[in-house]
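Number of protein chains: 2
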Amino acid sequence: MSKGEFERIADYFAPLAAKFGGAYGLTDDAATIAPGTGRTLVVTTDTIVESVHFIGDETADLIARKLLRVSLSDVAAMGAVPRAYLLNIALRRELSDTWLERFVAGLRQDQEEYNIHLIGGDSVSTSGPIVLTATMFGEVEEGRALRRSGAGPGDGVFVSGTLGDGVLGLRAAKGDLSEAKQDTVAALADRYRLPRPRTALGPSLAGIATAAADVSDGLIADLGHIADASAVGARIEFERLPLSDEARQIVMDRSELLAMAATGGDDYELVFTAPEEKIATLLENWSGVSVTRIGTITADSSVRAVDAHGETLLFPRIGFRHA
Amino acid sequence: MSKGEFERIADYFAPLAAKFGGAYGLTDDAATIAPGTGRTLVVTTDTIVESVHFIGDETADLIARKLLRVSLSDVAAMGAVPRAYLLNIALRRELSDTWLERFVAGLRQDQEEYNIHLIGGDSVSTSGPIVLTATMFGEVEEGRALRRSGAGPGDGVFVSGTLGDGVLGLRAAKGDLSEAKQDTVAALADRYRLPRPRTALGPSLAGIATAAADVSDGLIADLGHIADASAVGARIEFERLPLSDEARQIVMDRSELLAMAATGGDDYELVFTAPEEKIATLLENWSGVSVTRIGTITADSSVRAVDAHGETLLFPRIGFRHA
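Line by line, the protein sequences are chains X and Z.
Take the first sequence: its position 307, counted from the start at 1, is 307 in the working numbering, and no numbers get skipped.
Take the second sequence: its position 198, counted from the start at 1, is 1198 in the working numbering, and no numbers get skipped.
There could be a bad hint or two in this list.
[Unchecked claim] Rough simulated footprint, nothing fancy, chain Z against chain X, three-plus residues with beta-carbon under 8 Å: (1) 15-28; (2) 32-45; (3) 119-131; (4) 258-265; (5) 280-290.
Keep in mind the hints are simulated off the structure, nothing from the lab.
Since the structure is predicted, the reported quantities are computational estimates derived from the model, not experimental observations.
Yeah, the Cβ is synthetic: ideal placement off N, Cα and C, and Gly gets one too.
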């Protein structure tokens, strides 16, 4: 690492904090942040480790953007509007300034895309794999934060966007889908590398959805978290799960991959519950990401997926992960 | 690691979050936190790495407590009362549950000592050195957060407690002070391993001190940060620097170590500036840590220490570190 920490903060990170008053140009002992009147702060934090959470061939800008987007997805799942973040980086000494410059370029790009600002952090050296932590702040009207615990029997179960692209994208990125068309592989790999957190939909659901989570562990697992927290069950109609054109192409040839739409993680879509009519009203003037009803909350405690004939499909609940 | 992450959170970490409503038992996508009316949140974050920031022979409970206390010190330096924290841990898989239990016991002990609560975090595996991040939240009346930038010429320069114990304690912990009395070595090593963040003094200074910082990089460096941010200088009277009895014993025999009181880091005392009379009023009813006036803010831009004869002593400004 050719620059000292002080210089690195001034050169690379202070500019990312310039527009947020409470960041004090990253020169103070701490930042200050206060929600608007009648609002509350939402805070979530994620740590990723080299060769565990990123496979190694990503460019540094993509690593930075994925790091932010995973946390942005959690903020969206709480119904909050993102505002600011902290960044903690543990880097190997031999990592080049070029890597860091590209990492910072990725941060800057997504700061602009999501209207967020760096407000603090820490930068240290490690002899081991890179460890990166982002802590994201959002803001939501007091008492309106979406929780996992409010789902009630009869509520519809909805998801945003499409499912399965994350896990198929991981396979694509690893070269495991070599039989598929190049465009398809590229689109899925991109979807894995660069999640699209639903930062517009999430805040629109505050006060409307009865429960919400983001699909990071896989639909069955994340809906399971909602069911557990709400002490209810859910019945999912498998054929309603929304697939992207690319995912559809893949599973047409390899139907054993279809189950991944239900169990694969890393989709960063929102799964939420609400009375059908409330969502219908919301969607009347909605021009954002697609929303699909995929099932219904039930009074028992099991999360089941059924096929077109009403037969129950069995999925292991996999991939628990702390949000 | 014998327990899965989900189980680990439920068993070890959820109990640490039980008393903070907005932590939602660590089962949601994010936590919520709002300051009281007319108050603002202060937030600071620190990352420590095994064999860089802790020397390796510390017990896990001491590592946990030092991690929290370093951040508590930053919150105190902003004049804020600590409230809650996030914890991100990257651990090697082979680390035992015993280690983690002891780590959690340390967290619990300092949660009680400082009346703070865990509200979220992330737990991941790494093949490299342990990387630990604590993000601490405090609360202060709006507009009263202590900054580094308010010092004015003529203000007194004050420090809490004693200086140099941190760096002498590091030497003691490493076995470099073998000629000294055992009690002295033990007391200094303890001071290094377990900082005493000035969480009572800090909030008392809000609205009184014109600038403040904690002594983490060393007095000269941290006062330098205040001077830079305030566009002033400072004149320190070297013989006024408060030393502990233990530090005094060491430097009596090895006077070359005396300079460390001015340049050594890891003291986690507060250095602050204020009109003399305001501090005198504060101290009239003060029964906490000692406060010593060590110098005066000047209109030029240099930070100088002078000896009893008024001769300038030269110190390199060392040890920049992001707060």
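TODO: Establish whether the coverage given for the segment 280-290 of chain X by chain Z is satisfied; the threshold is a Cβ-Cβ distance below 8 Å, and no fewer than three residues must meet it.
DONE: Check failed, 0 qualifying residues.
Task: Residues of the segment 119-131 of chain X with Cβ under 8 Å from chain Z, three needed, outcome - done: holds (count 12)
Task: Coverage claim, chain Z over the segment 15-28 of chain X, checked by counting residues with Cβ within 8 Å (three needed) - done: holds (count 5)
TODO: Would you check chain Z against the segment 32-45 of chain X, counting CB to CB pairs closer than 8 Å, and say if three or more residues qualify?
DONE: Since three or more residues must qualify, the claim that chain Z covers the segment 32-45 of chain X holds, with 11 doing so at under 8 Å.
Open item on the list: For the segment 258-265 of chain X, count the residues whose Cβ lies under 8 Å from any Cβ of chain Z; is that count three or more?
Closed with: Violated: only 0 residues of the segment 258-265 of chain X have a Cβ under 8 Å from chain Z.
Hints 4 and 5 from the list above are not met by this structure, while the remaining hints are.
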